[in-house]
Amino acid sequence: MLFSIEVNNKVITAQRGETILECLKRNGVFVPTLCHIEGYSPTGACRICVVEVEGRPDLVPSCSHPVEEWMKIKTHSPRVIRARRAIAEMLLSNHPDDCLYCGRNGNCELQNLAIDLNLREKRFSGSKNTLKNDYASVSIMREPSKCILCGRCVRLCETEQVVAAVDFIGRGNQMTIGTSYNHGLSSRNCHHCGQCILICPTGALSEQQHIAKVQEALHNPEKHLVAQFSPALSVGLNENLGIKAGKTADHIIVAALSKIGFSKVFDTGLATDLNILENASLLAKQIREGESMPMFTSCCPSWLHYAETFHPSILPCISPVLSPQQIMSVLIKKIYASEMRLRAEDIYTVGLMPCTAKKYEILRQEMLIDDLNMTDAVLTTRELARFIKLYGIDVNNIEPMLPHSPFHIRSTAAKLYGVSGGVTEAILRTVYFLLTGVELEPYKIGEVRSGSGPKFFTMEAGKYKVKTAVVSGMSQVQKLLKEIEAGKKNLNFIEVMACPGGCINGGGQKIGASDKDIKTRSKVLYEMDEKENIRVAHKNPIVHELYQKYFDAPLSNKAVEFLHRRRLEKKMEGNEQIL
Amino acid sequence: MSKETKKNRNPYIADILLIPPDQYSHQTAERVALLRREKVERPTIFVGAGTCGMIAGASQTMLSIQMYLNDHLMKADVVEVGCIGLCQFEPIVDVQLPGKNRISFKNITPEKVYSLLDAVFNNTIDSVDVLGQFESRHLVPWEDVPFINRLPFFKKQKRLVLENCGLINPSSIEEYLARGGYKAYAKAIQNYTSTEICEIIEQSGLRGRGGGGYATGKKWMIARQTQSDQKYLICNADESDPGAFMDRALIEGDPHKLIEGIAIAAYAVGASQAFIYIRSEYKKAIQTLKNAIDSAKEFGLIGSNILDSSVNFYLNIKMGSGAFVCGEETALINNMEGRRGTPEPKPPYPATQGLFSHPTVINNVETLANVPLIIQNGPTWFAGLGTPTSHGTKVFAVTGKVEYNGLVEIEMGRSFREIIYDICGGIKDFKDFKAMQIGGPSGACLGEACLDLHIDYESLKQEGAMMGSGGLVVMDESACMVDIARFFMNFLQHESCGKCIPCREGTRRMWEILESITKKPVEGQEHQSLERFKGVLMLEELATVVAETSLCGLGKTAPNPVISTLRYFRDEYEEHIFERKCRANVCNGLRTFYIHTEKCTGCTICYRKCPTSAIIGTQRNPHFIVQDKCIGCGICYDVCKFDAVSVH
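So the sequence lines, in the order shown, correspond to chains A and D.
Positions in the first sequence are counted from 1; adding 42 to them yields our numbering.
Positions in the second sequence are counted from 1; adding 44 to them yields our numbering.
Honestly, the hints are just simulated from the structure, not real lab data.
Ideal placement from N, C-alpha and C gives every residue a C-beta, glycine not left out.
Accuracy of the hints is not assured; some may be wrong.
Unchecked claim - Below, computed lysine-lysine pairings styled on DSSO-like, alpha-carbon distance capped at 27 Å:
#1 A:K67 x D:K390
#2 A:K521 x A:K509
#3 D:K262 x A:K170
#4 D:K673 x D:K578
#5 A:K289 x A:K170
#6 D:K262 x A:K164
#7 A:K116 x D:K600
#8 D:K564 x D:K625
#9 A:K170 x D:K390
#10 D:K390 x A:K114
#11 D:K262 x A:K114
#12 A:K114 x D:K578
#13 A:K558 x A:K531
#14 D:K673 x A:K164
As the list claims (entries may be wrong) - Covered, in the sense of this in silico footprint (three residues per stretch, anywhere, with C-beta under 8 Å from a C-beta of chain D), are these stretches of chain A:
#15 239-250
#16 460-469
Unchecked claim - Which chain D residues stay away from chain A? Per the calculated CB distances, all over 10 Å, these:
#17 Q104
#18 L141
#19 K231
#20 L586
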């Protein structure tokens, strides 16, 4: 139902049931917020969004108060501005004034708020809470003294990612956000997705930086540096570098890293193709055999960690195939090393990933082969941009380069791994071929591309039916798992990604990206898929070459040895704690 | 069916509750008279055993009484009663001999018991310990003993909510029934629909006794009209204001009155399940409530199909963990749901979406205790009490520098002067009144100008105060108002939940500014005085912003100590800031100590005791205080045996 209200002496239309903030936004009136998350129920914690409503003695928080017919609202009256300024000043009075040393300098909501409110003088001074930084997690670093206690990470972690790894501790001005028993973020609850970093308005949350580590290796003449980059990273990098988004940065990455001093830069896509082939073969086998249990994907380390922690009973259903990053690292340290006559210890592999959980993945048990870490460091999209800037590379005037051989060809199916639904699409293309012997026509599966909710799609391949589900974001996963456990869903294949929307919205991507930016990222991947020639993994010539030379055939003993999580399986039989 | 027969078998329900008193059989009338203590068959001794009595040593007194009875081979009933309101005279012991008026004695420590009981049983009572005797038309009065209801403390009070407190045995539901208890409940469910009850309460004009003073009937009606398969009623007994103890005393003294009120309220809003949210520190009150709920269940007044009316009513106790903010409705609900006790934005109000997202009515103990009275006596009777906007009575817990501390129930519209001077006997030690703090820590400090204020919701609001839960702290001239504001600000900054920025950061900054005002000026740190001056300019701005923008009632009222003291005692602030002087000599930092050279004997005791070595001097020579080093702790003043140290 529509009705009109008065805002700043102008009449605008409002809808029954919406909040004042929603109404103002729809009508193009900007009100600053800090604790507000779109789509979440309001908490009204920050009070920055207060507006003046005629007839009300106090100021009203626009994020939580519904619009009513009689309202006459002033969004920027002197009283409102004074209150907003005072609140922001109070926040700043307990904030370390070290913007110059902060990772969010220039991209900080608190900083922007202070600029917007024209705060030019420190009026309130007094004691500040000094809190220790939390380095306990392998993927995420917390600086609680920069925290403004808006509670966005708490709500996100509880509702969207359902693990509630962080919560409020203490009260009053001694309140902090912490983990269980305040033991640091190394608690098993946290599955390293890094979504909290994206939602944090200040620099209180950031990734554990690997830049220094990579630099050290770079300056070590004995090290042979090899990098691999993932599809979602290359579509998200441009935004961080300040160049036009809507294009893949594959060639810039190769060129820039070669200039910096990397010996080889590979596209993780080839490893993804191997992953597709292994998974597709396994799925085809399961379908032919009429296996009743579904197969879950294994390429998201957050999901793996979550399953191990909260749903150990479904572990046997998770695909045993290594993730693309892991496969590429194995290829580099085992096959590339022997071909180049290098010692695996001398190779330093760097994963360029849109993901903080990959920093955790490289430390997992199965990635320690022959006492050697398969991947040495992981740089997120943000770190890579900083790294490129650090070495003074002018990305606008750089000669693009193709990924290096021997792993230079990849299918576009591999590129789709960067977006939720893409894994399903890529694997189904190959499964169709394996089950029927003919190619899927057309390759595009629109059903798994659109929408943000859980997607269900049944593919008919000859006499077989392949029932698939696509979920991203842990709340969707949890819901689906409950339905499966209750026997309400009968599925063959389930694609799980911990971050809503998939890796294009990974925890390592640009902070402050809008929904539109994220859509652009997926559009780039889909466009690439339309344009290029090799669109399925089983048509990648290098894949065939690798199988011929090293792995015999998909699911063969050799393939299992190199490309599957054997150690994990072994551990699981003993019912021991993994990792 | 078995339940029904059991209920019918209960003689109290059948004979006392469901029959008008004038139709009692002779046997019932006898029993009721005994229960009402209109006569006793053998000596009965009542001991005030509320929390205040217990702290004063009532359990020892009771032991002593038992010993006396054993020693003298006497048979007497010893009854534990709640607090009558004169907490400072606990342990209070009443004795009722067969045929004679019940007589009350104050401060009966165990060692006094033998002489007291000896005297009473020999009819030769010592007037020193006597409080007074209770008036009764059935019994013979004591000679030369004042009647308790004619004492100044009780005379001007109108005890409705507290009518039974300190008189009846709180653990006996029969006594409550004999005094007309649960009649209102029976009347409500037998004669009225739930909508009618809401209307009656609305007509009576009863308003929430906990804080904002929202019309209770209206609140009930909203919840009643909200569609839902489940509704809840919560009684808020999380009395978290320091200095407030009305709810505790009411629960300890007359738990069934509260239960009856809850039962009626639950029936009115259509809630079959009710909860009492009580702070876990109230051990005695919780125990009393538990017993009362058990006996009400036994009598079929809690459970299903109450009095064959197909009304169901279940009552449970939920213990809170003692956070100040949990008295706020939404924080209380969060806490009851097992989450952090932090407030949520309103709307939605609990009456439409509360506990587990069901319509929930939350009322304070005193509000609910008024309900049976209104049902019993009718809304017009209640509306006739008090002022045009605020009806009924209000219980205050009066503490501080008054002659008599305790619980006072007055009709709305009386003045503070009547409470402090007429009822509570004026200011202690012949000092002058300075201020009174009403409404808990986030209430206001009112000055002398407000003494004649007629107490009701509107007049208090006008003065920047609020009714609050009813704590009334009286201060005399020895209090420093800046220090008081600082004290309450400190309390509030610790009790703030920390959720919203204005309350979390604002209370701390306000406290820091007040701290700096009361701190000693140190030479060489001139910028500090500038900071201080700037801070004071911002104190008012901070206070306004915090009040305007905070999330919950606690935050919105948190600046009240500052705003009200600035309003009534601005001159004291100015003295602190400009003259660096605290007129009450409370603020350590602003006290300057001097040693009179002619009086100082050079004993060196102050020299040795000074914590900052600010005193110099040698033996047998006059000492001297280095003002720069002095922190104003006053130890030298306290230890000097020759009056040589003076303070300015």
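Discussion item. Taking beta carbons only, do three or more residues of the stretch 460-469 of chain A come closer than 8 Å to chain D?
Written reply: violated (count 0)
Worksheet item: Does the structure keep K521 (chain A) and K509 (chain A) at a Cα separation of 27 Å or less?
Response: 18 Å, holds
Discussion item. Just to be careful, I want the Cα atoms of K673 (chain D) and K578 (chain D) compared with a cutoff of 27 Å; is the pair within it?
Written reply: 25 Å, holds
Worksheet item: Was Q104 (chain D) rightly flagged as not at the interface, with every chain A Cβ beyond 10 Å?
Response: At roughly 38 Å from the nearest Cβ of chain A, Q104 (chain D) sits farther out than 10 Å, so the non-interface label holds.
Worksheet item: Is K564 (chain D) within 27 Å of K625 (chain D), Cα to Cα?
Response: 10 Å, holds
Item to complete: Decide if the proposed pair is consistent with the structure: K116 (chain A) and K600 (chain D), CA atoms, cutoff 27 Å inclusive.
Response: 21 Å, holds
Worksheet item: Holds or violated: are the alpha carbons of K262 (chain D) and K114 (chain A) at most 27 Å from each other?
Response: 26 Å, holds
Discussion item. Run the distance test for K262 (chain D) versus K170 (chain A): straight-line Cα separation, threshold 27 Å.
Written reply: 45 Å, violated
Worksheet item: Straight-line Cα separation of K558 (chain A) and K531 (chain A) no greater than 27 Å?
Response: 33 Å, violated
Item to complete: Mind verifying the non-interface call on L586 (chain D)? Its CB should be farther than 10 Å from each CB in chain A.
Response: 7 Å, violated
Worksheet item: Straight-line Cα separation of K673 (chain D) and K164 (chain A) no greater than 27 Å?
Response: Judged against 27 Å, a Cα distance of about 31 Å means the pair is violated.
Discussion item. Run the distance test for K114 (chain A) versus K578 (chain D): straight-line Cα separation, threshold 27 Å.
Written reply: Measuring from Cα to Cα gives roughly 35 Å; hence the hint is violated.
Taken one by one, the earlier hints fail for this structure at numbers 3, 5, 6, 9, 12, 13, 14, 15, 16 and 20, listed in ascending order.
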